[in-house]
Amino acid sequence: MTDDHVIESVESFTARARLWLAENMPRTQDSGRRAQPSGHSDEEELAHISRNRDLQRRLFDGGFAGICVPADYGGQGLTTAHQEAFNREIRGYEYPAETQVPTLTPCMSVILEFGTHEQKKRHVPPILKGETLWMQFLSEPGGGSDVAGALTTAVRDGEEWVLNGSKIWTTGAWWADWGLCLVRTNWDVPKHRGLTVFMLEIHQPGIEIHRIEMLNGSREFCQEFLTDVRVPDSQRIGQIDEGWAVGTRWMYHERTISGGSPYVTSPAGRPAVALDPTGGAVALIPFARRQGLLDDTRVKELIGEAHALSLVGTALTRHIAEEIRTESMTNQAAAITRLWFGSSAVRNSTICFELVGANAVAWSDEDNDLGQRGVRFLMRQASCIAGGTTEMARNAISERVLGMPRERTVDKDTPFRDVPRSAPNR
Amino acid sequence: MFQRNSEQQLFEETTKKFLDTSYPTAKLKELVDDASGYEPAFWQQGAELGWTSLVVPDDAGGGSISTQGVKDLSLVAYQFGLHAAPGPLMGSNVVAAALGRWGSKQQQLGPLAELLSGQAVGAWALAEAPPHDRLGDVALLATEIEGGFRLQGTKSPVEAGLDAAHILVTARSEAGLRQFLVPADSPYLTRSPLHGLDTTRRFARLDFDGVQLPTSSLVGAPGETEGTVNWLTDLAVTIQLAEMCGAMRWAFDTTVEWAFNRYSFGRPLASYQEIKHRFADMKMCLEASFAITAQAADAVDRDTPDRSELVSAGKFYVGRNGPELLQDCVQLHGGIGLTFDHDLHLFLRRVTTNAALFGTPSQHATRLTDILASRGVTT
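In order, the protein sequences belong to chains A and B. First residue of the first sequence: 0, per numbering that gives the first Met the number 0; consecutive thereafter. First residue of the second sequence: 0, per numbering that gives the first Met the number 0; consecutive thereafter.
Hints may contain errors.
Computed beta-carbon distance windows for the label pairs [as the list claims (entries may be wrong)]:
hint, chain 1, residue 1, chain 2, residue 2, range
1, B, Asp305, A, Glu159, 55 to 61 Å
2, A, Glu353, B, Asp206, 41 to 47 Å
3, A, Asp366, B, Gln326, 36 to 42 Å
4, A, Ile384, B, Arg374, 33 to 39 Å
5, A, His209, B, Gln272, 52 to 58 Å
6, B, Arg374, A, Arg210, 40 to 46 Å
Going by beta-carbon spacing under 7 Å, a handful of chain B positions derived as facing chain A [to be verified]:
hint, residue
7, Gly175
8, Phe278
9, Glu286
10, Tyr316
11, Thr368
12, Ser373
Hint data in this document are derived by calculation from the structure and do not stem from the laboratory. Beta carbons are placed, not taken as given, at the ideal position from N, Cα and C, and that holds for glycine.
My request is simple: use the sequences and hints to build the entire structure.
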């Protein structure tokens, strides 16, 4: 591809973005993020998603969607420096938070990296316009972290593939449009060599969506049951049986959610993933003041600790992204940022719970925000599980960044059908 | 650790080579019982390399490598940490920074010039003994007398307090905080050596029993000294942070190498998942420490509004986790890591000592909340 036009300077872009945002994007009312998922009715959730589509469309119409996406596919063809500048400018404005993850990354990132020209032409512009929202059909009920052990199977039938199996932990599959799906296309070779990736429409006969109720009442996560789902071969991403090459990059892009993805629009200083929609321990300062706790050294230490972790997290995100950009570190170092956000969110949740005390386990209507600290504590480990567990991140850091010996596997050279598996549990 | 430009790289490389040859760890162990812990000739050579002039303005005789003097100094401090190097890096730089910014012409021509050349050593007497040992607590009294002030109280611990010729003393007066440049040989000033964890550094207790000083020994105007002391604290903590990063880096790299080479039950330590995961946590801690230290140094350089926030976040995080990283390195070494012969303890001493001085991690966490609460921040 030739690219002979002169790229707009970051300064000029920034000035243009500032002006455009002021005239076209609504200011945030509160924190700019959704409040408690558990407090949302389905109607509110759908209204939120519709609002999100509208915000994404505004960015597209204004020429600020897909800043690092090539112009051929509806983007702006600019650089990460432009995206970073935009992320600084969009602070204080509403933005399409739900589009960022997993639609823009990892899904669009994977399509841009592995899709054919036709596939990119067809799928990337609707994403940037807010018309299609994507989900990851990756985890399986029997799989957990071992995503390459996918059991969902695709069998070729002429120009089509027939899919059967089940995927799980898909956020909002009931309102999303498309899915990126990793399936087994060959059971007679070792597990990494028999996988293929497809794009599929979520709402079609043969896909049954079951909403999972989490312990906090959230029903965002879904499990999908695929029965004889027919997908044209033109919706295959990458080569047949070489889906693991796609899958490893897919999971890499997933790890960049915590910072470093060139495609994510997110107000600077705020991670793209909501770690604590209640605003962290710092938001508890007014509560502490009300309770007369701001003279208590122990309370001040806890609030200060939470704030320190947040500042260090921002510094670390920037540092690792820079190390990867300048090739001082392998891109696997994104696992360091992932581990940070998992473990620091856990600590933050514990601090909040400790600060609130008894009000977090039994509360009145007017203290609902305090009660939510208790609920968040129950959900605490989500930050170390979702998006790849912190154990997997620690494997990646020790093996891929520090070069330590890989874990021994028993399934590497065995045809997948002969590999021991969990008993079906759902 | 930091992004460095080519001048900074060259400067750091020179410092590294100098420390490599001057202070191999065997030499540090020889100096354990030495009164200073370093050789004055080496300190003067370091001063010639620029170690003492980086955070002093040009017109006061100083000069940085990159115009970001604090960052330049952090590179020296990082190398000091990486070598567990001795020498009055902290005291001389903090006093020189203060004199370069707020000192009188006389103070700049005399004491500052001596500090810059490495001929004399500086010490900052800020900390006090319990019950006034919390960060920012100053009880030493400065009473105005005819033609000057009288100092009464105790400062402890003061790094390089015995070696220093010029001591910057932070005191409380009727007009709030004031700072004085006190000659080490002042009458009624008693300096006593303290025991210390860090075998490469020396600390002293300073008793001021009616030390009389002329008005010309004041550094800075009343009313602005509170801010001055805050800035100097942030500078001092930044130096500590960079040193800790260097020492942590040494311990981490050494322990990684050990884990690859040490075999147990027929396989290297580095092949056990339990141990790999601990290295992953340590690696995260190391990179997070580098990241916040670089940000803090940048904020002190540019004197940004969030300067103290970033510095305290750094001191909280690195101060809390640095010693833990070192202890984990000891654990992974086994018994050998607790011996005097092994070098690990030199770095454990450095990190542990820095963690406790100029505000403990807990005190910096408290400082963060005070900053937030005073701003009325709610989100």
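Next on the checklist: The hint names B:Glu286 as touching chain A; please verify it with the least Cβ-Cβ distance against 7 Å.
Outcome noted: Since the shortest Cβ distance to chain A is 6 Å, the answer is holds.
Next on the checklist: Taking 52 to 58 Å as the stated bounds, is the beta-carbon spacing between A:His209 and B:Gln272 within them?
Outcome noted: Violated, at about 34 Å.
Checklist entry - Holds or violated: is there a CB of chain A closer than 7 Å to the CB of B:Tyr316? => result It holds, given that the least Cβ distance between B:Tyr316 and chain A is near 5 Å, below 7 Å.
Checklist entry - Is the shortest C-beta separation between B:Phe278 and chain A less than 7 Å? => result Holds, because the Cβ-Cβ distance from B:Phe278 to chain A comes to roughly 5 Å (cut-off 7 Å).
Checklist entry - With 7 Å as the cut and Cβ atoms as the points, is B:Ser373 at the interface with chain A? => result The hint is violated - B:Ser373 has no Cβ within 7 Å of chain A, the shortest such distance being about 11 Å.
Item to check | Interface hint status, B:Thr368 versus chain A (Cβ within 7 Å) | outcome: OK, holds: B:Thr368 within 7 Å of chain A, min 4 Å.
Item to check | Proposed interface contact between B:Gly175 and chain A, which counts if any beta carbon pair is under 7 Å | outcome: violated (23 Å)
Item to check | 36 to 42 Å as the expected CB spacing between B:Gln326 and A:Asp366, which holds or is violated | outcome: holds (41 Å)
Item to check | Satisfaction of the hinted span 40 to 46 Å by the C-beta atoms belonging to B:Arg374 and A:Arg210 | outcome: holds (42 Å)
Next on the checklist: I want to verify a distance hint. Is the separation of the beta carbons of B:Asp305 and A:Glu159 within 55 to 61 Å?
Outcome noted: The hint (55 to 61 Å, Cβ to Cβ) holds, given that B:Asp305 and A:Glu159 are roughly 58 Å apart.
Checklist entry - At the C-beta level, are A:Glu353 and B:Asp206 separated by a distance inside 41 to 47 Å? => result Given range 41 to 47 Å: holds, Cβ gap about 42 Å.
Checklist entry - Do the beta carbons of A:Ile384 and B:Arg374 sit within 33 to 39 Å of each other? => result This hint holds: roughly 35 Å between Cβ atoms.
In this structure, the earlier hints numbered 5, 7, 12 are contradicted, and the remaining ones agree with it.
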